[in-house]
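Asks: So you can see what is in the structure, the chains are spelled out below.
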Amino acid sequence: MLDLLGLSPGLFALFVTFGFMVGVFFGFFGMGGSFLVTPALLILGYPAPVAIGSSMAFVFGTAVIATLKHHDAGQVDYRLGALMFVGITLGIELGSRLVFGLEVLGIANVVVGIAYVILLAAIGILFTRSALNQDDDEDDDGDNGDEPDDDVPEIARKIQSYNIPPMMTLADGSTASLWTISGVGGVVGLVSGFLGVGGGFVRMPAIYYVIGTSLAAAVGTSLFGGLMSGAVGAFTYGRSGVIDLGIVTALLLGSALGARIGSGATAYVDEDDVTIYFGIMLLLASLAVGLGEIATWLAMPILDQISFVILIGSSLLVCGMILYHGALAVRRRRGAAPSA
Amino acid sequence: MIGTEPLSGASPSVMALAVIAVVLVEAALLYVGYGFLEAKLGPIVFRRLERI
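Chains A and B, in that order, give the protein sequences.
Residue 51 in my numbering sits at position 51 of the first sequence, with consecutive numbering throughout.
Residue 32 in my numbering sits at position 32 of the second sequence, with consecutive numbering throughout.
Hints in this document: simulated from the structure, not taken from any laboratory.
A couple of the hints might just be wrong.
[Claimed, not checked] Which stretches of chain B does chain A cover? Using the computed rule of at least three CB atoms under 8 Å from a CB of chain A, they are: (1) 22-31; (2) 41-51.
[Said to hold, decoys possible] If you want the ones that stay clear, here's a sample from chain A, every Cβ over 10 Å from chain B, calculated: (3) ALA57; (4) TYR162; (5) THR169; (6) TRP179; (7) SER214; (8) VAL248; (9) LEU257; (10) LEU287.
[Claimed, not checked] Sample of chain B residues at the chain A side, in silico, Cβ under 7 Å: (11) GLY9; (12) PRO12; (13) VAL19; (14) PHE36.
In this text, a Cβ means the ideal position worked out from N, Cα and C, and glycines have one as well.
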């Protein structure tokens, strides 16, 4: 059976385990899928188009599963997701053309790798700073009676205050300009197609910080966006015949379970408890991809191995923290239930 | 392994759609399968967590 999937037993087990971790991130954060898978496949020696195309197909499958789970909790704004679709599609097409163009020049792996390093580091810093600031805010949280009680960030309120028609009404009753929504979709699609990622690690923060939904809706809608961008990306790369279904199937076996557990954990775990770990993981992933690139330039395979260990280790750490906090929260809630 | 070799004579779009269909079917089967397991094993896991 393993031969049918074209993978050795060790590689198959690695992909299933890795898929599980990625599924937990996907279900919990609404992102975190392919930004780990593509570099891992690149580090394992797969060509960039195969790594990106397979990653896209995997994101599509995992997003289907995670969206179904979040749909049950009413956390998906389908209208917003559909409005972003046009921008995402155009962006992916442009991004994938860039990759194939760079492949012809023989520099696709290097450019994609460098772009990854910069983006992962930037978003990692954003999340880590945000988590640290939240801790400070909680420490100072004395008499803030005038503070609005929904969780839309200040920057999103400011963007929403600019009325550039046509204005669209979101599922939670707030409004956003179609230009903002399309712009976010286009940029996310470009990142998606170029890096071979679902774009969730850009899309979820963009929906939350730029369009201005609640965090729960940003996660659910981001997953729906991942489903669409994954489908378009899989179609685009599938036309070139570079998607390896063996890799996709092995990853999906793990991620389908992980996504269920991650989605379920959102009902129990306070996201603030694990956000800082996620930010640190992104920073470590950035370091890992950077080391991978240096390994290629200097022809030092040992750096590749270190890079892979960092990538897997940081993912394991965050996945473990989500599961640990989830188990603690379940115990606390269930323990408190009888006396409530 | 790529997995679309049986469709090597088909047009690129048909091959791409076949890949998407396969992934969609796999995702649906896994969602239902793990959902069944969750319904069966979920309460047991929760009880275990309470006791730890």
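Asks: Look at each hint and say if it fits the structure.
Replies: To see whether the hints hold, each was checked on the structure:
Requiring three or more residues with a Cβ within less than 8 Å of a Cβ of chain A, the coverage given for the region 22-31 of chain B holds, as 8 such residues are present. Residues of the region 41-51 of chain B lying with their CB closer than 8 Å to a CB of chain A number 3, which satisfies the three-residue condition for coverage. Distance check on ALA57 of chain A: its Cβ comes as close as 5 Å (rounded) to a Cβ of chain B, failing to clear the 10 Å threshold; non-interface status is violated. Residue placement check: TYR162 of chain A keeps its beta carbon more than 10 Å from all beta carbons of chain B (closest about 38 Å).
Every CB of chain B is more than 10 Å from the CB of THR169 of chain A (nearest about 31 Å), matching its label as outside the interface. Chain B leaves TRP179 of chain A outside its interface by the beta-carbon criterion, the shortest separation being 30 Å against a cut-off of 10 Å. No Cβ of chain B approaches the Cβ of SER214 of chain A within 10 Å, the least distance being about 25 Å, so the stated non-interface status holds. A Cβ of chain B approaches the Cβ of VAL248 of chain A within 10 Å, the least distance being about 6 Å, so the stated non-interface status is violated.
Listed as a non-interface residue, LEU257 of chain A fails to keep its Cβ farther than 10 Å from every Cβ of chain B; the least gap is roughly 5 Å. Every CB of chain B is more than 10 Å from the CB of LEU287 of chain A (nearest about 31 Å), matching its label as outside the interface. Violation of the interface hint for GLY9 of chain B is found here, the shortest Cβ-Cβ separation to chain A being roughly 12 Å, above the 7 Å cut-off. Restraint check, PRO12 of chain B versus chain A: the minimum CB separation of about 4 Å is within 7 Å; hint holds.
For VAL19 of chain B, the interface hint holds, since its Cβ comes within 7 Å of a Cβ in chain A; the closest pair sits about 4 Å apart. Residue-level restraint check for PHE36 of chain B is violated (minimum Cβ-Cβ distance to chain A is 11 Å; threshold 7 Å).
Violated hints, listed in ascending order, are 3, 8, 9, 11, 14; each of the other numbered hints is respected by the structure.
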